[in-house]
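Asker: Below are the chains, spelled out letter by letter.
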Amino acid sequence: MMQSAAPHLRPRHDVPRLMRSVLLALIPGTLAMVWLFGWGVLLNILLCGATALATEALMLRLRGRPIAPALGDHSALLAALLLALCLPPLLPWWMPVLGTFFALALGKHLYGGLGFNPFNPAMLGYVFLLVSFPGSMVLWPSPDLAPPGLLQTLAVGSGMTAFDMVSGATPLDGLKTALAAGQPVAAQRNGFGPFSLHQEPDWLLINALFLLGGLYLLRHRMVAWQIPLGVLLGLGLPAFAAWLIAPDQFADPLFHLFAGGAMLGAFFVATDPVSASTTPLGRLYYGLGIGILVWVIRSWGGYPEGVAFAVLLMNLAAPLLDRLCRPRIAGQG
Amino acid sequence: MSELALILLGTALVNNFVLVKFLGLCPFMGVSRKLETAVGMGLATTFVLTLSAVLSYLVNSWLLEPFGLAYLRTIAFILVIAAVVQFTELVIHRASPLLHQVLGLFLPLITTNCAVLGVALLNVQQIHGLLQSAFYGFGAALGFSLVLVLFASLRERLAVAEVPQPFQGAAIALITAGLMSLAFMGFTGLARL
Numbered sequence: 022m023m024q025s026a027a028p029h030l031r032p033r034h035d036v037p038r039l040m041r042s043v044l045l046a047l048i049p050g051t052l053a054m055v056w057l058f059g060w061g062v063l064l065n066i067l068l069c070g071a072t073a074l075a076t077e078a079l080m081l082r083l084r085g086r087p088i089a090p091a092l093g094d095h096s097a098l099l100a101a102l103l104l105a106l107c108l109p110p111l112l113p114w115w116m117p118v119l120g121t122f123f124a125l126a127l128g129k130h131l132y133g134g135l136g137f138n139p140f141n142p143a144m145l146g147y148v149f150l151l152v153s154f155p156g157s158m159v160l161w162p163s164p165d166l167a168p169p170g171l172l173q174t175l176a177v178g179s180g181m182t183a184f185d186m187v188s189g190a191t192p193l194d195g196l197k198t199a200l201a202a203g204q205p206v207a208a209q210r211n212g213f214g215p216f217s218l219h220q221e222p223d224w225l226l227i228n229a230l231f232l233l234g235g236l237y238l239l240r241h242r243m244v245a246w247q248i249p250l251g252v253l254l255g256l257g258l259p260a261f262a263a264w265l266i267a268p269d270q271f272a273d274p275l276f277h278l279f280a281g282g283a284m285l286g287a288f289f290v291a292t293d294p295v296s297a298s299t300t301p302l303g304r305l306y307y308g309l310g311i312g313i314l315v316w317v318i319r320s321w322g323g324y325p326e327g328v329a330f331a332v333l334l335m336n337l338a339a340p341l342l343d344r345l346c347r348p349r350i351a352g353q354g
Numbered sequence: 742m743s744e745l746a747l748i749l750l751g752t753a754l755v756n757n758f759v760l761v762k763f764l765g766l767c768p769f770m771g772v773s774r775k776l777e778t779a780v781g782m783g784l785a786t787t788f789v790l791t792l793s794a795v796l797s798y799l800v801n802s803w804l805l806e807p808f809g810l811a812y813l814r815t816i817a818f819i820l821v822i823a824a825v826v827q828f829t830e831l832v833i834h835r836a837s838p839l840l841h842q843v844l845g846l847f848l849p850l851i852t853t854n855c856a857v858l859g860v861a862l863l864n865v866q867q868i869h870g871l872l873q874s875a876f877y878g879f880g881a882a883l884g885f886s887l888v889l890v891l892f893a894s895l896r897e898r899l900a901v902a903e904v905p906q907p908f909q910g911a912a913i914a915l916i917t918a919g920l921m922s923l924a925f926m927g928f929t930g931l932a933r934l
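As given, the protein sequences belong to chains A and B, one line each in that order. Using my numbering, the first residue of the first sequence is number 22, and each one after it goes up by one. Using my numbering, the first residue of the second sequence is number 742, and each one after it goes up by one.
Only true hints are included.
Across the chosen pairs, the derived CB separations fall in these ranges:
hint : chain 1 : residue 1 : chain 2 : residue 2 : range
1    : B       : F763      : A       : L236      : 41 to 47 Å
2    : B       : L872      : A       : L45       : 55 to 61 Å
3    : A       : R344      : B       : G930      : 30 to 36 Å
4    : B       : T929      : A       : L79       : 28 to 34 Å
Stretches of chain B that chain A covers, calculated by requiring three or more beta carbons in the stretch to come under 8 Å of a beta carbon on chain A:
hint : stretch
5    : 886-899
6    : 906-920
Residues of chain A clear of chain B, computed beta-carbon distances all greater than 12 Å:
hint : residue
7    : A27
8    : A53
9    : H95
10   : G156
11   : Q173
12   : P222
13   : A262
14   : A267
Since the hints were derived computationally from the structure, they do not count as laboratory data. Every residue, glycine too, gets a C-beta built ideally from N, C-alpha and C.
Let's have the full structure, built from the sequences with the hints guiding it.
Answerer: Below you can see the structure in the form of structure tokens.
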């Protein structure tokens with residue numbers, strides 16, 4: 022038995038506890054997605070979770086590492102859940118499986134497992150699927166229709182029938198298409214309450230619940246506050262400036278903050294302690310970079326949503342940011 | 742003006758020479774083990790790329806085309822590039838012997854960096870003017886240097902990761918480059934000319 026020197030204090034956050042709390046904080050938003058989009062979300066979560074555990078066990082076995090402790094730290098499950106929440110709810114079963122396998126085998130274990138992966142595995146899996154199957158990955162159920170039932174979900178999931186009858190564009194997608202067609206923002210579909218002219222209540226609710234979960238994590242200091250703050254500022258400020266200058270061509274900042282994966286990305290994806298920046302100032306720049314890139318990709322890019330790309334791009338820049346923002350050691354330099 | 746800015750943005754990020762066009766992979770893999778050498782290589786390549794883009798444009802439009810020698814284009818461009826590289830080597834040797842020692846073999850190898858020749862040839866293919874050629878070369882070099890520096894800082898971190906035996910070294914570097922390329926697909930569609 023390993024016996025370390027005193028003081029024998031229990032660390033406030035070890036990995037399994039941290040991962041459990043993050044999983045817990047994701048529950049409200051996840052339940053809302055299941056309620057709004059139907060069984061498909063649950064099916065994705067099950068498929069991704071099972072694949073994640075199997076991949077993790079397989080890779081650990083191939084690497085000759087003990088399997089039980091790594092499976093018990095829930096990190097693979099968290100990556101799987103984050104990936105599943107990004108996926109549209111009606112996909113053939115092999116897509117979530119493929120994405121999860123890619124995420125954990127290539128994105129995590131080839132780099133040496135938990136703690137060494139330079140990229141966020143969940144976002145790698147998502148981008149891999151988005152780039153490979155762009156047609157299926159942008160099909161979300163239309164919010165005007167009731168979510169598909171269990172049988173229909175299973176039929177699509179098993180690959181027996183294609184899913185094309187009840188799909189609609191997400192608000193971000195719709196905005197982009199309408200702007201490309203020359204319609205000013207204000208003329209587009211009426212939205213919800215005080216928020217904005219074209220906010221879908223569905224996405225507003227989902228994002229609000231993820232914000233709630235994120236605030237819980239912040240309250241218990243599970244995540245570095247600089248990162249979500251940076252993301253929200255980086256996304257909100259340019260959006261606000263552009264909206265003031267040309268309200269006809271740019272969506273307002275509240276729309277951006279509560280659309281797509283903004284809150285999920287800001288609080289749960291960008292804050293992954295392994296692939297994010299680790300210095301205090303570096304974290305702020307890292308978050309700002311993600312926010313700005315999300316806004317740029319949403320406003321001008323070829324893809325309707327940019328959270329996954331923005332996170333990967335800033336993962337790429339994180340080592341350099343850390344080097345540039347390394348705190349000065351007292352008495353040196 | 743905005744066209745030049747778009748050329749700069751387009752070549753640096755959207756159509757990044759390394760991660761999207763897959764040109765210049767040899768120095769990308771070879772000189773990315775340490776951040777300092779990567780910065781030096783980035784600066785040297787930026788200098789060579791911009792200068793050779795301009796010079797090869799001049800050679801093409803003043804010598805090759807008026808005399809009907811377009812079939813000599815590739816050889817002529819290689820000659821121009823080699824001359825620019827020699828010039829750069831002289832300058833670096835005098836200005837910073839340390840950097841010259843660090844870059845060592847890689848400096849003459851800029852001659853065979855396919856991104857340099859690629860820029861010169863693409864400038865002709867896309868019928869760029871003098872200023873456009875210069876910006877195209879400069880943008881390509883900026884993108885190359887950016888990616889090289891990011892990759893180098895990432896590889897310094899990879900050097901201490903517990904990468905499984907069969908994937909250590911070049912294998913994990915190539916996988917990382919592939920994943921970087923995946924991330925750069927996010928810039929798709931940003932700068933449309």
